[in-house]
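Start from chain W and add chain Z with the ligand according to the hints.
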Amino acid sequence: MLGMYPTFYVPYIGSAWVMGIIGVIHVVASHTSVGAAFLFAVLETKAYRDDQPEIMGFIKRYGVFLLVFSYIIGSITGPGIWYAITVASPRGVSGLIHNFVWVWAAEWVYFTVEVIGVYALVYLIGKVDRLTHLKLTWSFALASWATMLLIVGILSFMMWPGNEGWYLTGSTNDAFYNINFFAHLGVRTGSMFVMAAVVGFMVAAGIKDEDLKRGVIRVIAPIGLLGGLFSVMMFLYYLQTLPTNAKVMLQAYLIPAYANTMIGIFVATTAYLVFVWWKPHRLKLYIAVPMFLAIAVLGVWPEERMRESMRKPYVAGQYIYSNQVIARDVPGKSIRGEVDLIAEKGLLKLHPFIPDRLREVTDDNRLEVGELLAKIACANCHALEPGAPLRSIPDKLYGSPDKDMIAAFLRGPLKHGAAPYMPRIDLPDQEVDAIAAYLASVNAGTLEKSAASHTSAPITALIEREGK
Amino acid sequence: MDIGTVMNVMRDPAGIPAHPELFRILMIVTWVFHIAFVTLTLGAASLAIYAFWRRDTGPYWTRLSIAMTKVAKVGVSLLIVLGVAPLLFTQVIYDPQWYASNVLSAGWAIGFIFTLIIAYCLWFAFYFSNKEGAKRHIGIFAVIALLLFLLDGLIMHALSYQALLPGQWMDWYAPDGVVDTRGAYLHAIQWPRYFFIISLSVPAIGLYLLAYDDYLKSRPDLPEGYLGFVRPLGRKLGASGSLFALILFVWWQFDNPSDSNLIVQPGGWAVGAALLVLWFEVTFFADKLHGYLLLCGGLVVLLLLAIWREVVRATYLSAYGYSIVDQKINADWPSLALFFLTLAGVGGLVGGFYLSLLYRAGRVQGVYQADRSIAAMGTGAVAVLAVWIAVFFLYGIAIFIENTFAY
Ligand code: HEM
Chain W
1 MLGMYPTFYV PYIGSAWVMG IIGVIHVVAS HTSVGAAFLF AVLETKAYRD DQPEIMGFIK
61 RYGVFLLVFS YIIGSITGPG IWYAITVASP RGVSGLIHNF VWVWAAEWVY FTVEVIGVYA
121 LVYLIGKVDR LTHLKLTWSF ALASWATMLL IVGILSFMMW PGNEGWYLTG STNDAFYNIN
181 FFAHLGVRTG SMFVMAAVVG FMVAAGIKDE DLKRGVIRVI APIGLLGGLF SVMMFLYYLQ
241 TLPTNAKVML QAYLIPAYAN TMIGIFVATT AYLVFVWWKP HRLKLYIAVP MFLAIAVLGV
301 WPEERMRESM RKPYVAGQYI YSNQVIARDV PGKSIRGEVD LIAEKGLLKL HPFIPDRLRE
361 VTDDNRLEVG ELLAKIACAN CHALEPGAPL RSIPDKLYGS PDKDMIAAFL RGPLKHGAAP
421 YMPRIDLPDQ EVDAIAAYLA SVNAGTLEKS AASHTSAPIT ALIEREGK
Chain Z
1 MDIGTVMNVM RDPAGIPAHP ELFRILMIVT WVFHIAFVTL TLGAASLAIY AFWRRDTGPY
61 WTRLSIAMTK VAKVGVSLLI VLGVAPLLFT QVIYDPQWYA SNVLSAGWAI GFIFTLIIAY
121 CLWFAFYFSN KEGAKRHIGI FAVIALLLFL LDGLIMHALS YQALLPGQWM DWYAPDGVVD
181 TRGAYLHAIQ WPRYFFIISL SVPAIGLYLL AYDDYLKSRP DLPEGYLGFV RPLGRKLGAS
241 GSLFALILFV WWQFDNPSDS NLIVQPGGWA VGAALLVLWF EVTFFADKLH GYLLLCGGLV
301 VLLLLAIWRE VVRATYLSAY GYSIVDQKIN ADWPSLALFF LTLAGVGGLV GGFYLSLLYR
361 AGRVQGVYQA DRSIAAMGTG AVAVLAVWIA VFFLYGIAIF IENTFAY
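Chains as they are written, first to last, in full-length UniProt numbering: chain W, 1 to 468; chain Z, 1 to 407.
Only chain W is shown next, with the shape it has when bound in the complex (with noise of 0.2 Å):
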């Protein structure tokens, strides 16, 4: 028996689109506020040096601001995403959860010193002396970026450890401080400061006092610059540090599908941050917000897709595949592939999460069997329904009814591993041929009505024996 759990299937979108919604909005609410905090950090300290008081006002507007947009939704959307990947893939979370737990209880002391911290920095101005203000918004910016140091190391070993020594060791060193961490902590403090300038731009558009606008502005809009081409620089890097699928990934379906939308939003925001240090006067609301959203959305979900797409076809360390099975040995934790196991008794036999009327494949329940090896074994990155956003295997299959030209994939590409950014799924015949005789009616059509609903299951079972 394996150790697999129960599925969740959320039709069209696929459980990885609510994951990718989610952690959209965290990563914008995150990057902004850590990059805010160095920026108050940065200004406050002018503001002592200068004696400029009325910087603090530009602060607290600010803080305020981050308070609800990045405290609430952040905070909440921080578990959030792990909710979301617990239900899409639990073994994928389990193996972070027990690999990375002490990495994660220190993140999470930051993190609780820093919602403290938030508090404390907005409703303190004018209430503390300011030297002891300064050294509370420093502190909180270091507090902030270190949640982004620990989380970073967990993030980038979800993609691969980079060598044989975690495997070998499974020490929390070697997975922590695997071969993309420092490129992709690059990446994202590179560009939580333009985040975070971006925000302060529509926190600023609001400011009425020129002379303030002005000067905050021209410090924050060059920190925003300087920001984004560090990241880019570090992205080039990253790239360099990636795993042959994520590449394999890039070339063949990423890079033509986002390419024009990044450079597209790199040249935008560029020209947005010049412009506005040029003159400042000329920031208004109605420019900052939608800069904002764009860059937001058109910015972060390409980038939160790319990265889930090129782990494919793993969730984690290149040893746990997304459909929930352990990929490969890892004698460092005693920890055995689980993929041969599979195709020698196959998933109804091992898996402990199957009805008992459906462990043997007979004609009445054969498209009830494939649909649910389906969403066992191809769902957590496929949608079942045609047309449906989240690659689609009907669509992948260009909607052939054909099911020997389907199961003829299955038992020649997939079970011999020979896409790279596909799990190697090797399932026993009969197995094989619910999946394709599933497929194949989905193609057909005669499935398609009810193929996403809970229904489907008797309505399956119901058109089989009506076809016969």
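Read the hints as simulated data drawn from the structure, not as lab findings. Positions of the beta carbon are idealized from the N, C-alpha and C atoms, including for glycine. Heads up, some of the hints might be wrong.
[Claimed, not checked] Interface residues of chain W toward chain Z, partial, derived using beta-carbon atoms under 10 Å:
1) Ala84
2) Pro161
3) Phe182
4) Arg391
[What the hints assert, rightly or not] Some chain W residues judged to face chain Z by a derived CB distance under 8 Å, without partners named:
5) Tyr5
6) Ser75
7) Thr86
8) Val109
9) Ile125
10) Val128
11) Pro352
12) Pro389
Chain Z with the ligand alone, transformed into the frame defined by chain W:
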């Protein structure tokens, strides 16, 4: 398949990186803080709403409503971050149960996040408009927010409770053998347990008011009579709330399955006894004891509850042959050191600096001038972070380089 065996197979193959009892203790202790802020927040929110609609009946209700709105606002932030730690530690030792329960109610687990965001935004809307002379209808924001918070608590409860009932998982996942992958239902709710935990909000806010009164005694700028109004209210809520919670607790005790023998275990009755003691203290000593001390009495109740929840969980699961003590351990000392050093250094010094500063500044009128100790703490906070970050990078670069050459 026997679900007991299945659960043992579902444990993460990586094993756990330290002794299971260590995680259990951390889980219990951190959950105390989570639930402390849950009950405080729900209590403060309810009182804020009640006071808001009683503004016309007395001079202090407006001020109280505004103050409680702020308490709830900060409380939600804290209950969220403080929930993260037990969430982490539960997953280490109770991974099969927690994940299965979540997946089976996946729609609700995701809905939890969105409803919490909406609720918190509504609460902020209420907070920004709850001023002197605010319109009555803005109270609606607060009411909806509170209801959503209560719903989120119910989801938390169901996720916890479903995790104790592995014998029913398969029936929920595939009723009549037909698989349902939508995760669309909350499958099990134990109402007495939920109501009991939520009812602790009443004594929680009562005790908070008593401590609030003692905290603010040094503030001459408050209108005369306000504190004289707050303290009796705190006493009333604290006393009646403890009794009310006690009744619900007894209901929960009798609601557990009789073959679990939980009813005869002393741990449960210790929670009941602590509530009774709390009632006694608040009723007879509310004006003699310092509010902070009474607040500690409340924390004792929550600690006993946290331990009791764990006894309940272990009892339910032992019936299936699951126990955390026979976990595979793959000890990882460096990351353990990372956590405890960060907790002591950063949590202690930086967190301590923020809390002391907030505490001191709140007690003075006008600008607070840091004394020597606070100033030193501030410098220490920046320094400890700088050192932490430096070590983080040096250590990391060393490992990175070593691995680059070794493999
Ligand atoms: C308004 C929001 C929330 C409310 C009202 C709430 C309430 C509760 C309640 C009543 C319980 C006890 C359930 C029981 O024992 O039956 C609980 C447990 C718990 N809560 Fe929350 N909670 C909230 C938000 C959160 C958040 C955001 C997190 C995580 C980040 C969280 C993490 C936990 C954890 C880990 C447990 C223990 C689960 C277990 O041990 O099985 N809570 N919460």
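Violations among the numbered hints, reported as their numbers in ascending order: Result: hints 4, 9 and 12 break, sorted rising.
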